[in-house]
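S.K.: Once you've looked at the hints, dock chain B against the given chain A.
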Amino acid sequence: MKRREFIQQTAAASALIGLGGMGLTSFTPATTKKITILHTNDVHSHIDAFGPDDGRNPNQGGVARRATLIQAIRKENPNTLLLDAGDIFQGTPYFNYYGGELEFKLMSMLKYDVATIGNHDFDNSIEGLYAQLPHAKFDFVSANYDFSNTVMDTHVKPYRIIIKDGIKIGIFGLGIELDGLVEKRMYKETVYLDPTEMAQEMTRVLKEDEKCDLIICLSHLGYNYRNRPEKISDLKLAGITKDIDLIIGGHTHTFLKKPTVVKNSEGKNTLVNQVGCYGINLGKIDFYFDSNKNKAANGTSIIV
Amino acid sequence: MNYKHIFLLFSILILSACKNQGEYINKIEGKQINISDSLKLDQSIENFIKPYREHVDSNLDSILAYAVNTYSKSDGEYNTAIGNMMADAVYEESNPVFKSRTGEDIDFVLLNHGGIRSIISKGNITTRTAYEVMPFDNSVVVVKLKGAQVKELVEYLAKGKRAHPISKLNIVLDSDGNFKSATLNSKPLDFSKTYNVATNDYLYNGGDHMDFFKTNDSLYVLDYKIRNVLIDYFTKIDTLKPVIDNRFIQLK
Chain A
1 MKRREFIQQT AAASALIGLG GMGLTSFTPA TTKKITILHT NDVHSHIDAF GPDDGRNPNQ
61 GGVARRATLI QAIRKENPNT LLLDAGDIFQ GTPYFNYYGG ELEFKLMSML KYDVATIGNH
121 DFDNSIEGLY AQLPHAKFDF VSANYDFSNT VMDTHVKPYR IIIKDGIKIG IFGLGIELDG
181 LVEKRMYKET VYLDPTEMAQ EMTRVLKEDE KCDLIICLSH LGYNYRNRPE KISDLKLAGI
241 TKDIDLIIGG HTHTFLKKPT VVKNSEGKNT LVNQVGCYGI NLGKIDFYFD SNKNKAANGT
301 SIIV
Chain B
1 MNYKHIFLLF SILILSACKN QGEYINKIEG KQINISDSLK LDQSIENFIK PYREHVDSNL
61 DSILAYAVNT YSKSDGEYNT AIGNMMADAV YEESNPVFKS RTGEDIDFVL LNHGGIRSII
121 SKGNITTRTA YEVMPFDNSV VVVKLKGAQV KELVEYLAKG KRAHPISKLN IVLDSDGNFK
181 SATLNSKPLD FSKTYNVATN DYLYNGGDHM DFFKTNDSLY VLDYKIRNVL IDYFTKIDTL
241 KPVIDNRFIQ LK
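Chains A and B, in that order, are what the protein sequence lines are. Here UniProt numbering is used: the first residue of the first sequence is 1, the next is one more, and so on. Here UniProt numbering is used: the first residue of the second sequence is 1, the next is one more, and so on.
Be a bit skeptical, because a hint or two may be false.
[To be verified] Derived DSSO-like pairs: lysine-lysine, alpha-carbon spacing no greater than 30 angstroms straight-line:
id, chain 1, residue 1, chain 2, residue 2
1, B, 31, A, 242
2, B, 27, A, 207
3, B, 27, A, 284
4, B, 31, A, 211
5, A, 188, B, 214
6, B, 161, B, 144
7, A, 188, B, 225
8, A, 231, B, 31
9, B, 193, B, 168
10, B, 31, A, 263
Worth flagging that the hints you see were computed from the coordinates, not collected in a lab.
Isolated chain B (complex conformation):
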C-alpha cells in the first residue's frame, strides 16, 4: 500500500462512515418577528417597487368625474342616492354586454346594501373611489328567474325593508309597511313570466340569504367586475348627482 492507496481508502471510509451517520434534531427554536418601521427599507427593493407604485397611484388618482355632494348608503330609508347610482350603473353598463351576447335585455337589477363599502365624498371622483366603494372582485351575473322566484325576491325586499339597490324595478309598501305593488316600466310584474335579473355573484351564491337566486333557469356570467362597471360609468359621466327617488317607497 502506497500513500495514494491509503488516501483513497481513507476517503472511502470517511464517505461511507458519514453516509451511515444520520442527522438528528436536538433543539428547535421558534419565534415571530414583527415587520415594523424600526427596520430599514432595503433600498434596491424600494427602488424596484417605485415605478410600479407611481403608476398605480397616478392611475388610481386620475380624475374621472365630479361628485356634487357627499353620498352615503345611510342617507335614505328604502333607497339611497349612492345605491341608485350603483344599480343604474350596473344596468347601463351591463345591458349592452348582455344584449350583444343573448339578444335579450336585462329586466331589472338587484344588488345588496351591504355591498356599498364606502361613501363617495363631494369633489373629484377617481379610480380610487371605485376601489373604495367596491374593494371586492365581485362580478355582474344575469340570472333568468321564473315568476315564482321573482315573487320571492319582491317579498324578500318588502319584508327586509333595507335599501338594497335596485334599478328598473319599482316597489311600493302601504302605510303599514306591507307589500302593495311591484312594477316594471309602470306595468305590474307578471309572476307567470320569466325575468332577466342582473345581480352580483356574491348574491347569486346565496349571500345575504337571497336564496331565490338558486332556483333559476339560466345563469349568464358577464366577466364584468362591479368595480369596473363603476370605473366605466364614472369615466362616461361628467358630474355625479344621483338622487333618492321613488323606486322603493312606503306610502305615508
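Looking at chain A on its own, in the form it has when it is part of the complex:
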C-alpha cells in the first residue's frame, strides 16, 4: 500500500507540473476567501425613507436607497448573503393596505436569501402571513416554532445551508415566545419550543452532521433583558451555546455602536449584532476564511 500511495503521489505531482500549474490557485494552502453577511431587522413596513421633518430619524432609511448600497456591496463581493431577523410587517399604512405583499416583493427584488419570523409577522394572523408567501422569493427559517398543525407547515425550515465560494454556511432561525405577546387566535396552533434546546440541536446538526464552516443564528429573541435576567436573549444564548459564529438579532430595536463579542460555553467568540429598526441601518459582517488551520488557530482577529 505504501508503495502504491507513493506512486500515486509521484504521478499526481508530475501531472501537476505537466498541466502547467492548472488549479494551483485554488489549491494553495494560504487561500483566503471572504463571505459578506448583510442584515436588517424590524424594518416594520418602512418602505419609504423618513421625511425631512421627522423628529427622530429625518431623511434616513428607505428601501430604494438600501437597494443601491446592497448592489454596490455585492459588486465588490459576489459572495454576499442578505438576511433579515423578523418583524418585516406592521408599522406603516403599506402593511394595512397590502398586508405585506409589497414588503415581500421588495425583499425579493433586493435578493434577500433568508429571513426569520418576528411576532409582528403574525399581525394579520398566521393565514395572513401564509397568504403573502407567494410574493417571497427567499426562505424562512425557524427552529423553535413548530408549524406542523398550521397552514405554514412545510413552508418554514429549521435551517438552511448555502454554499458560497465553497464555504458552507448554515443559517437557523429562532423566534420569541408568542404567548402574552401575540393573541392566540393570531398564531393559532404554532407551538413554541425552547430556543436554547433548539439552538443546541441546530449547532449539533450544522457543525457535526453538515460540517458547516460558518453558523449563523437569525434570532427574534431580543438583544438583552436587563431587568429580566431569566428571559432568554441573544446575549444569554450566545453565552450558553457553542459553535455559533454570529447571532443576528431583532425584536428589541437595539441600536448598537458595534457588534458585541460574547464568549460562548467553550470560551470561543460569538458575535451578536442588531441594527436598530425601520431600515435605518444595514449590518455588514465580513468573514475571512483560510484553509490553513494553524494560521487560523493562532487566533481569529475581530475588527469591530
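M.R.: Showing chain B alone in chain A's frame:
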C-alpha cells in the same frame, strides 16, 4: 498508465485533498452602515414602489368629513369632545355588529384617554386622520361584566379623574371629588346585574391597570379595529362637531 489515467488520478487526488481541507475563520470585520440621503435611490425599486405609494397616499388623503374645530384630548377635564366622539363612534359602529351576532345590545363603552394619539385639526378629515388618531391596530371587544366588576370600573374612573372616553354611561362626582352617582339611560347602575361593556383589546388585556376586565363572564371579539370604526364613522357623517357634555362631571 497513460495520460488519461494520470489525469483521472490527479483529479481524484485534488478532490479528496480539498475535501479534507477545512475552512477556518481567521478574521472578522463588522460594521453598520447608515441608510442616509447620501445614497442614491435605486430607480427600478423606486419605480416599483411608486404606484403603491400613490394609491396609499390618494386613499389616505381622500376627504371623509369636515371638522368645524380643532379637537384635542386636553380640552376638557373629565370628558373631552374628541374622546366623546371616539366612544360614541365605537358604540354606533360596533353595536349593530354585536347585536347581529348575539341578539344583545352593548350597554356602554369605555376607552382610554391615552389611546387618543393625535389631535383632529379643523378642516378636512381624511383616512390619514384616522391613522393619526389611532395608529395602533387595537380592536373592539365586548366584555360581559358582573355588577361587582362594573362597580370597580366606576370606582376606577371616579378615583382616576382622567377623561377616559365613555359612551352611554354617566358618572357624577360631588363637589369634593367623591363618587356620587353612575347612571345608564338616566337609571342608576344595578350592581346585581351583568353589563355588556365595549372596550379595546389593549384595556381588556390589563392596559392602564383596568384589571376589572379580567374577571368576566364572556368575551366577544368583533374583529373590528378602532381605526376602522373611525373611518366608517367619518365616512358616514358629513361634519364633525363633537362637544364636551355632562357624561362625566364633578359638581361645583
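S.K.: For this structure, which hints from the list above don't hold up?
M.R.: none
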